[in-house]
Amino acid sequence: MSDTPTPDHQLPRTHYLNATYGSGTRSWLLTTDHKRIALLYLGSVTVFFFIGGVFATMIRIHLLTPGGALVTPETYNKLFTMHGVAMIFFFLIPSIPAVLGNFLIPLMIGAKDLAFPKINLLSWYIYIVGGCFVLYSFGTGGLDTGWTFYTPLSSVYSNSAVTPAVIGIFINGFSSILTGLNFIVTIHTMRAPGMTWFRLPLFVWAHYATSLVMILGTPVIAITLLLAGLERMFHLGFFNPALGGDPILFQHLFWFYSHPAVYIMVLPAMGVVSEIIPTFARKPIFGYSFIAGSSIAIAVIGFLVWAHHMFVTGESTYAALTFSFLSYLVAIPSAVKVFNWTSTLYKGSISWDPPMIYALGFIGLFVIGGLTGLSLACLGLDIHIHDTYFVVAHFHYIMVGGAVMGFVGALHFWWPKITGRLYPETLSRAAAVTLFVGFNLTFFPQFILGYLGMPRRYHTYPPEFQVLNVLSTAGASILALGYLLPMAYLAWSMRYGRVAGPNPWPATGLEWKTASPPPTENFDVTPEVTWEPYDFQNRPDLGLAAGAPSLAPAHSDD
Amino acid sequence: MHRTGELYGQFETLEQQKESAALGMWIFLVTEVLFFGGLFLTYTINRHAFGTAFGVGSNTLDIRLGGGNTVVLILSSLTMAMAVWSAQIGKKQLVSIFLIATLALGSVFLGVKVVEYKQKFDHHLIPGYGFDIRYHSELPAPMDNPVEIAAEKEELEKAFAVDPDINAHAQLYFSLYFGMTGLHALHMIVGAGLLIWLIRGSFHGRFTPQYNTPVEIVGLYWHFVDIVWIYLFPLLYLIDRHR
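Chains A and B, in that order, are what the protein sequence lines are. Positions 1 to 558 (our numbering) are the ones given, in order, by the first sequence. Positions 1001 to 1243 (our numbering) are the ones given, in order, by the second sequence.
Extracted from the complex, chain A is given alone in its bound form (with noise of 0.2 Å):
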């Protein structure tokens, strides 16, 4: 995707999409090839984004009037609900772990396959039972609790399907759990000779880091819904204070969770961004080891700022304080990141290819969404947009403006490896662009009505709201043509696209020395690492030599 002409490339013969057992359902079915269990979670993923963003869609076409255009109030809180609880467990959180972790990190490292090819497999099922029991709760009665299940509404009180609802996320957080204890134990014992924890691709190490949260987190929330669970199925009163319980509690075991699974979100995206921007920068990137350990702190403080959901729950004013405080603290390695970004495109040659809009895409959208973070970490200002669309705005800033736009754009950046195809240049530009203006123009108007005081989870709204709100629902439309666009190329590509090569950007990772698509067993030969990560100018197998776009000068500091 250079401007100079490159070589017209040739598929390999045989890839581990045709490879000797066969092309056959069973053999997706029964695979334990990482590569291929990765493009299982792509599917499914793909189907829980497309039901979340119908609920969206009905949301947004609801809310184009005051008094609510489409549907009852008892429909609305349960498309929102619905809504959450697919984009959030079923999308969200498995969308760059389960997909390009699970294709990427033993390409990355040199390995085979994962350590434990056959529970990988296992957890895709227990993704897919998991999905079946919410896709159920959702046809038989739907779900009205939110995405956050607060008890005793869904212990107690709730009428809609919650039972069934609670099972499948239960069940899905194994998947999530087996997927992170997979990426450690993988990440510590399957490394190619040469290739030390200091040479990993930052994308392994946010990896990494994700995982410390899905093992240390997930089993916490298995535990506070299965407890919410009993209580609804089997009256044992953990959070219902009419049975002696408490429902603070609850909210504290959920937030433990549901915190840190934000990171869960945005750790990946971030790893991503790290192998992009080098990459058309061309130049090292500035900073390795502090983005390396950024993620790492993020992944320990993370846990350490649940509460900061409580501030109105009358929690004491010390914890209130502790938790502030703790939550601008997250706010140091995520700004070492992006300052560590900006640094590299510093003096870079930068080439825009779609997947570098995309990350720069990310930084803007997640600079927003972190400094809006720290003016709701702000005890004073929280008491006054707490639960009004500020908070919407801000979420949907760090999910889908930053989660999402990496995943995407990852997908965009990985793609030639996956399928061995590259995909229309100028169209998916303009879908990365079309996708960043269509989401600011839904989620900015936002954060001026939350301010304003229009309360989240409403279906009504005053007249004067109208204006912002008519707004939103507008730029949704472009988002939405922003995600079907590289749905439809992407899917085009995969039988008509330019042959990519090996290494189409060049990139400088080791998944990018193998085919592409890659064989079955990754590499042919085990490969020796002898180079350091995103070093351009000693690696004249990358083609950079002759011809093709000059070297920038290296930083003085680097």
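Quick caveat, the hints were computed from the structure, so don't treat them as lab data. Idealized CB from N, CA, C, for every residue including glycine. Please note that the accuracy of each hint is not assured.
[Stated by the list, open to error] Below, simulated DSBU-like cross-link-like pairs (lysine-lysine); rule was C-alpha separation at most 30 Å, straight line: (1) K347(A) - K513(A); (2) K1158(B) - K1118(B); (3) K118(A) - K1018(B); (4) K1153(B) - K1113(B); (5) K1158(B) - K1120(B); (6) K78(A) - K347(A); (7) K118(A) - K1092(B); (8) K1018(B) - K513(A); (9) K1118(B) - K1153(B).
[Said to hold, decoys possible] Just the calculated beta-carbon pair ranges, DEER-fashion: (10) F1121(B) - N159(A): 28 to 38 Å; (11) T65(A) - F1160(B): 52 to 62 Å; (12) A319(A) - D1163(B): 19 to 29 Å; (13) Y489(A) - G1005(B): 39 to 49 Å; (14) V312(A) - T1044(B): 20 to 30 Å.
[What the hints assert, rightly or not] According to the in silico footprint, chain A covers these stretches of chain B (three or more CB under 8 Å from chain A): (15) 1012-1024; (16) 1039-1047; (17) 1103-1116; (18) 1122-1136; (19) 1159-1172.
With chain A held as given, fit chain B onto it using these hints.
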């Protein structure tokens, strides 16, 4: 991935495979600690708030059965450790014997648990609408010792004076009792399934000094489940023991 003998294709050496399996089990046990951690936290908070009710609830448990079960479980950890050791030194028959002994002790534990649960059902101590902490002292069975029933009645009266809402709070104790011991029993049942799988393998002489990873990692799991009980026993049975 193809498999050469006991070496799976994704690994280069048996040592790498063993290291990965052990690390994987340790990480799994970390997740288990956090899984039970939610329950222990719920327990701690509620015991702090409703100490009297928890004492009353605890005194209804049968310490002979609970204590006996603790001994049974510790013995099963010993036999499990012996099974691992036998595999490491290559005594194939001993592996089978110790694994079967572990399974037998685990089953005894579960059997005793059934007896204890049955008693709680009989005494209306199952959380829900029929829960009544006074049921047993008001309507004792003919074979119950009248002295003990009188003591229980007196204790309940004292407790009601301290905490008039004791029925609700004792119900919370039993919610935790069934939640925690039930989850523990579920882990025992999974462990028993794993033991059966190991016993089958040991009959085929699969475990040798070179390859005994499954015995070792199931051993780790079994010891973990035992340790959970070592915490549960004092927390549930020994809170306010004076009778």
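| said: 28 to 38 Å was suggested as the range; check whether the CB atoms of F1121(B) and N159(A) agree with it. | reply: Given a distance of about 30 Å, which is inside 28 to 38 Å, the answer is holds.
| message | Quick check: does the Cβ-Cβ distance between T65(A) and F1160(B) fall within 52 to 62 Å? | response | holds, 58 Å
| field | Agreement of K1158(B) and K1120(B) with the hint, judged by alpha carbon distance not exceeding 30 Å | value | Distance of about 22 Å is within 30 Å: holds.
| Assertion that chain A covers the segment 1039-1047 of chain B - criterion: three or more residues, beta-carbon distance below 8 Å | holds (count 5)
| Does the Cβ distance between A319(A) and D1163(B) fall inside 19 to 29 Å? | holds, 27 Å
| message | Is the listed coverage of the segment 1122-1136 of chain B by chain A valid when you require three or more residues with a beta carbon under 8 Å from a beta carbon of that chain? | response | holds (count 3)
| field | C-beta pair V312(A), T1044(B): status relative to the range 20 to 30 Å that was hinted | value | holds, 25 Å
| Is it true that the CA of K1118(B) sits at most 30 Å from the CA of K1153(B)? | At roughly 22 Å apart (the allowed maximum being 30 Å), K1153(B) and K1118(B) satisfy the hint.
| For the segment 1012-1024 of chain B, do three or more residues have a beta carbon lying closer than 8 Å to a beta carbon of chain A? | Coverage by chain A holds here, the residue count being 6 at a Cβ distance below 8 Å.
| Can the restraint linking K118(A) and K1018(B) be considered satisfied, given a maximum Cα separation of 30 Å? | holds, 16 Å
| field | Holds or violated: K347(A) to K513(A), with C-alpha atoms at most 30 Å apart | value | It holds: about 27 Å lies between the C-alpha atoms, which stays within 30 Å.
| message | Run the distance test for K78(A) versus K347(A): straight-line Cα separation, threshold 30 Å. | response | Answer violated: K78(A) to K347(A) is near 50 Å, above 30 Å.
Hints 6, 17, counting from the list given before, are not met by this structure.
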